[in-house]
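For the record, the sequence lines run as chains A and B.
Note that the numbering used here has the first sequence beginning at 1, numbered continuously upward.
Note that the numbering used here has the second sequence beginning at 1001, numbered continuously upward.
Check each hint, because a few of them may be wrong.
Claimed, not checked - Partial selection, computed: residues in chain B whose CB lies under 8 Å from chain A:
#: 1; residue: 1134
#: 2; residue: 1190
#: 3; residue: 1361
#: 4; residue: 1449
No lab work stands behind these hints, which were simulated from the structure alone.
In this text, a Cβ means the ideal position worked out from N, Cα and C, and glycines have one as well.
Number of protein chains: 2
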Amino acid sequence: MRILVSYVFILALCYATTDDYKAKRAKILRDEELLSLGGNIQLTDKESAVNDCLMRHKFQEVNYYFNNPQYCNFSHNFFAYKDNIRHSKVYKIIKDMPKGAALHIHDMGILGADYIVNLTYSEVLYICFEEKDVKLKFSDKEPNEPCKSKWQLINEMRNSMNKTKFDAELRKYFTLYVNDPDIEYPTIKESWTTFMNYFRRVSKILTYRPIWEQYFYDVLLKLKMENVMYLEIRSVLPNLYELDGTEYETIVTAKTYKKIIQKFKKDYPDFIGAKLIYANSRRINRSQLDEYIRLARAIKKDMPDIFAGFDLVGQEDLGSPLIEFIPQLLNASKDLDYFFHAGETNWYGTLVDGNLIDAILLGAKRIGHGYAIIKHPLLIREVIQQDIALEVNVISNAVLSLVRDVRNHPLSTLFALGVPVVLSSDDPGAWEADLLSDDFYVAFVGVASRLSDLRLLKQLAINSLKYSALDSNSKRDALSKFNLRWNTFVENFDCSNY
Amino acid sequence: MRILVSYVFILALCYATTDDYKAKRAKILRDEELLSLGGNIQLTDKESAVNDCLMRHKFQEVNYYFNNPQYCNFSHNFFAYKDNIRHSKVYKIIKDMPKGAALHIHDMGILGADYIVNLTYSEVLYICFEEKDVKLKFSDKEPNEPCKSKWQLINEMRNSMNKTKFDAELRKYFTLYVNDPDIEYPTIKESWTTFMNYFRRVSKILTYRPIWEQYFYDVLLKLKMENVMYLEIRSVLPNLYELDGTEYETIVTAKTYKKIIQKFKKDYPDFIGAKLIYANSRRINRSQLDEYIRLARAIKKDMPDIFAGFDLVGQEDLGSPLIEFIPQLLNASKDLDYFFHAGETNWYGTLVDGNLIDAILLGAKRIGHGYAIIKHPLLIREVIQQDIALEVNVISNAVLSLVRDVRNHPLSTLFALGVPVVLSSDDPGAWEADLLSDDFYVAFVGVASRLSDLRLLKQLAINSLKYSALDSNSKRDALSKFNLRWNTFVENFDCSNY
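So here's chain A without its partners, still in its complex pose:
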């Protein structure tokens, strides 16, 4: 009885009036805001003006979708609303906004199908059509690799028919984009099969040494144009080749990166630079891993300035889990920094989401995707406490069949919890997305709270430098360069331009 009386008394105290209720409610909202990513940033007056403009447009867009669920972009596959994004004013603001760095992006998936088709306008490129597939090879003579039909010079073939039609057909081999994704990609099996075919096809184009150099230069240029100032690129480090069939060792690919980074920084001194994460296939055994590690150490020794660290890649459900390699990886953790892909899966309680535990225990500096971490609250606590950033790629997860409606993407919760997160785009060229802006847009409008504002975007940009592999001096330098760029953006912002 006394307990009951106290309870009623407390209740009376708490909820005596609607005003008390309102105060209590407001406190919850405030606490949620403070906990969330970027929620404790204080905006300057000028930033607040930008924010007012941004949020007016964001509310308009979200409210439209809220009130017209039949058109709601985010209920559908990304390919259904990809083109609509271009009309969004929020998108346009994001496009112009300095976004810091791209930290999770695979070299052969960056520039899209149009760029690849352009590269096929060459006098020394051979093509071989096979059933539902195509092989390509730069060569000064007919390639002696097997072809189920016939090797032909692509330009000769193109000139013998309707060029536009030829290019349109060719283009389909270099993209995951389809009109009916729900039918073409019912599960992860079909989307990943197409994805792997994509890589197999483009690799023979991109690894021709002169193209590789040009391509990577163009990647940096495209990033710069999208207001990105720094890159950490993942590479399997494929062997480059010449017209006469010469094939280079792996380390040459790394050296080529270094050369192009230096050239680009010379041409554009305001660009901060790029680093390499050596990330080869995870479908391997222990001796293959030894070889990878040996190579990583060799690159690090030779080019410590551009070498960021080590990772293993490929469809995680099919690859070897990290737990198979603990002694080797523990040993190499003494001199290699890890940026493991981990938990890029819908499964729960398997070796695949188990990779998250090992990535953390092995001391990963950042974790690629970490999609399944939402099901491991103790691991979320660990990444917060140890300040390990998750590299989240929302559009990739949507295209590659982890989630359809991005409003169900775990990033919502990671934002709410203030988990260290950086946004990236994984393989934007493979699905014809922007290098970073589309991912920022989808995360900001589709995944984040309707109430999340410029502070979230700013924090994401800052995080991309804060959690980079830059050494502490370079990081300080990069952050101050970013602040200058940010302030210029804010100073020059004119809402009527949008």
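Chain A is fixed; fit chain B onto it per the hints.
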């Protein structure tokens, strides 16, 4: 430098050997297990034997889907794998297992299309076909309600044509099941429209007073057959009618519930019983809410033994948010227990997920769905601290377009965090699911960790009584009855039956 040395020293201590690593890893898994729902239950030897059988089958099923992602049930819409569930041995064990109570289930959505079609075999049921729709009415003369074609006695019409075909066509009006759900229900708009049409159609059949009584008796019987021993049923309390057109007041519907509960308990004394949650439409204004509250109080006064509490229902995105009614609801919270639907939405940072805050602040005893709570970690903390159970209905959320791949359902995280959860089925008849077993199956195999075992199922069953609206004596009694049933199940369990 000293910091660096200490760090290296600590690292050396922690990771000196692979054995240390393994111990650390095992501890994380153990801590995850202990935190998760049911994770600290100790199984008896006999329960362990049941568990071994259950988990052998679960691993087999999950491993099959893991290795054959192209067939993976859970990637698809529920309707694509609904029938496969019947072949699952895990499902068969769950079906036989005592499951406690169903706490979130709406009266007019419980028994499926076959049951409804059977009810139409009546000499006094009129039918009117309209464009893509059908109206029905029990009457001793031609109904005077508008009909765009012509009212006919259904049996006369059926007898004049191919009965099987007639019933098959008729059946489609009473189910959301379709062969191509991704096309029929691209968004929440289409699935909810069909859902609302379903209710409109069945209500004229079910609210014929003799049918209502029989239907509810059959609901209890079906629950009992599915090893459910207690029910809390949500009802809009529709007005019942007689053949001559007499319509009863709302309170008569409640009295009818009481009568049938008493009759059923007399027929089956081992059934614990049922209670009523008055849950009318949330698309209302303040004066309508006053009327609801008045009615709820009247029912509570008249039938305190069967009245559990108050709720508001309907597509939450379209209804009035709780915040519009705070003074009224605060006032009524003194004498009414709340079981609010809240956060049944994919939106984040809107008034709809905001309902979660108000449900908690208004002192809800349980929360219906709470789907969006995953995006509100502070609210998750509140429901844990205040021990407010979330009534989760996974299949409902899948059919009604919140999530396609149930592996993305937030329940995974709620399980991992040990949040108080009860499983229910919302409107299983509307999508032709079992009253509870299908939801248990999908939650256990598709949503929970692959490693979650009998302890999770047992905890869910216990929770359904623990968080019921039974008074403390009845609850103790119910739990002891449940334990008897559980022990009998365990004692008699024979793995070779599955």
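Results of checking the hints against the structure:
1. 1134: violated (24 Å)
2. 1190: holds (7 Å)
3. 1361: holds (6 Å)
4. 1449: holds (3 Å)
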